[in-house]
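Chemist: Chains as they are written, first to last, in our numbering: chain A, 1 to 327; chain B, 1001 to 1142.
These are computed hints drawn from the structure, not numbers from a lab.
Check before you lean on any hint, since a few could be wrong.
Claimed, not checked - Calculated cross-link-like contacts (lysine to any residue; reagent style SDA-like; alpha-carbon spacing at most 20 Å):
| hint | chain 1 | residue 1 | chain 2 | residue 2 |
| --- | --- | --- | --- | --- |
| 1 | A | 311 | B | 1076 |
| 2 | A | 318 | B | 1097 |
| 3 | A | 212 | B | 1076 |
| 4 | B | 1091 | A | 211 |
| 5 | B | 1091 | A | 105 |
| 6 | B | 1091 | A | 298 |
| 7 | A | 294 | B | 1094 |
| 8 | A | 318 | B | 1137 |
| 9 | A | 287 | B | 1099 |
| 10 | A | 201 | B | 1076 |
| 11 | A | 212 | B | 1099 |
| 12 | A | 318 | B | 1045 |
| 13 | B | 1091 | A | 314 |
| 14 | B | 1091 | A | 320 |
| 15 | B | 1091 | A | 205 |
| 16 | A | 154 | A | 140 |
| 17 | B | 1091 | A | 154 |
| 18 | A | 81 | A | 140 |
| 19 | B | 1091 | A | 198 |
| 20 | B | 1091 | A | 322 |
| 21 | A | 287 | B | 1100 |
| 22 | A | 318 | B | 1046 |
| 23 | A | 297 | B | 1046 |
| 24 | B | 1091 | A | 303 |
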Amino acid sequence: MVDEKQLRDAVKKTISRDDVKYVVGYEKGTSGFLVSPTFAFTPGDADKFIFSPLCVNNLAVYPMLEDKPPLRKGEEPDTRKIGLVVKGCDSRAIVQIIQEKGLKREDVVIIGIPCTGVIDPKKIKEKFPGQMKNVDVKEENEKFVITIDGKIHKISKDELLAEKCKHCEYPAPVLYDILIGKEIKSTKKEDYKEIEPLEKKSLEDKWDYWEKQFERCIRCYACRDACPLCYCKECMVDLLDPQWIRRSVNLSENTAWNLLRAFHLAGRCIGCGECERVCPMDLPLMKLNKKIEKDIKEMYDYTSGIDAEEKPLLAMFKPDDPEEFIL
Amino acid sequence: MKEKFEPNIIGFLCNWCSYAGADLAGTSRIQYPPNLKAIRVMCSGRVNPIFVINALQQGADGVLIGGCHPGDCHYERGNYLARRRMAVLKKLLEYTGIDPRRVRMTWVSASEGKKFAEVVKEVTEDIRELGPMQHFRRENKW
């Protein structure tokens, strides 16, 4: 359980600094089981900050979303920092962006929260359908406590926990300036159990499975927009010359898009699961990401988003990399 | 009468080694299948996986990427980087049900005309066996 008073104090302290532009965090949502991202521009705004097991969103997207219009003559660039409230997985996204030199370490102030697991919004919606009023969720003794209209529901953690949290190896932030509460260690281990059955299938069966999935894709690019690591100024699908992937929504273009999206995150995806969460068609995108994560762990013994000093996976090499596939 | 399937293979050959190797195979009059359509790139590290997927979309049944032997790259590290990229891409393709034998990579130096011919022969035979690429071919080719 995160001490919200401590969190608000930390936010207040951060936003009071002269060199901080704003702080991004979570606030109470307006309906159902929602929690929405919020910005604090003044110390007074800090009072609305919360942290509950409903905070699934990865706020590491925000520093990369900021518009930087060309400066007018004589105008000085705004070099103030951005404050961020991060969980374990979000902090890995920040580390990965810093590693790729998308951000500088001194550009961000990281308020780290040791996270004991968040709720999958899809699962809780299924459990309590039609919930319109905003609900508070707390965590007590390995159980989620949900209070709806005065009635208290205690539900075991396994039932509602998001998939990404079930195998989370880094619940505590990897990189932070201020830590709320105590640091925690994970006892879980990523064993890639979910993708194993699919891996073992024959090529035809695998294609049958993925064909059905890719056919459903409507190419809204929500997966790209929600991903903290998809921050290219111009995405390859938006290019018109050369137009690698055409605009039409059909199996061919959808497959190309989904494969290339997954490939562009090779060695960078930190497994926050945002792509799958925002997908309106419920495509199992994390199955693609996890597969690549597993492969690079096996082949190159590399885990993304741990060490900001390391070089990105596909920008470095070792002379003895595996090459049994080469003729 | 059913026509015999002739595979369509795109070869991305590096300017300094594989392309010169292909050239040598030609000047030494070594026979190899005419199914390979060579595209010269300056380095195997130039080959973006988007090229490979796009080739498969546009009608190629297979893709061959040729680079210099490790350590011989004209740009010192291009082929090492390409090796990592293609290793990941091949695993991803296999996972989605596309035979990884459709995407091949090879090291051919400028003096290995014979090896080049053999590689092309092997790849062509493999892909002839696999049949046409039908997974995600683009339907409108205009």
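Chemist: Decide, hint by hint, whether the structure agrees.
Modeler: Structure-based check of all given hints:
1. A:311 - B:1076: holds, 17 Å
2. A:318 - B:1097: Measuring from Cα to Cα gives roughly 29 Å; hence the hint is violated.
3. A:212 - B:1076: Judged against 20 Å, a Cα distance of about 43 Å means the pair is violated.
4. B:1091 - A:211: It holds: about 17 Å lies between the C-alpha atoms, which stays within 20 Å.
5. B:1091 - A:105: violated, 34 Å
6. B:1091 - A:298: Status holds; Cα separation ~12 Å.
7. A:294 - B:1094: holds, 14 Å
8. A:318 - B:1137: With Cα atoms ~35 Å apart, residue 318 (chain A) and residue 1137 (chain B) exceed 20 Å; violated.
9. A:287 - B:1099: holds, 19 Å
10. A:201 - B:1076: Violated - the C-alpha atoms of residue 1076 (chain B) and residue 201 (chain A) are around 39 Å apart, more than 20 Å.
11. A:212 - B:1099: holds, 18 Å
12. A:318 - B:1045: Within the cut-off at roughly 15 Å; holds.
13. B:1091 - A:314: holds, 15 Å
14. B:1091 - A:320: Distance of about 18 Å is within 20 Å: holds.
15. B:1091 - A:205: Holds, at about 16 Å.
16. A:154 - A:140: holds, 9 Å
17. B:1091 - A:154: violated, 43 Å
18. A:81 - A:140: At roughly 35 Å apart (the allowed maximum being 20 Å), residue 140 (chain A) and residue 81 (chain A) break the hint.
19. B:1091 - A:198: Holds - the C-alpha atoms of residue 198 (chain A) and residue 1091 (chain B) are around 13 Å apart, at most 20 Å.
20. B:1091 - A:322: Roughly 12 Å between the alpha carbons, so the hint for residue 1091 (chain B) and residue 322 (chain A) holds.
21. A:287 - B:1100: holds, 19 Å
22. A:318 - B:1046: holds, 19 Å
23. A:297 - B:1046: violated, 25 Å
24. B:1091 - A:303: Satisfied, since the Cα-Cα distance of roughly 17 Å is no more than 20 Å.
Violated hints, in rising order: 2, 3, 5, 8, 10, 17, 18, 23; the structure is consistent with all others.
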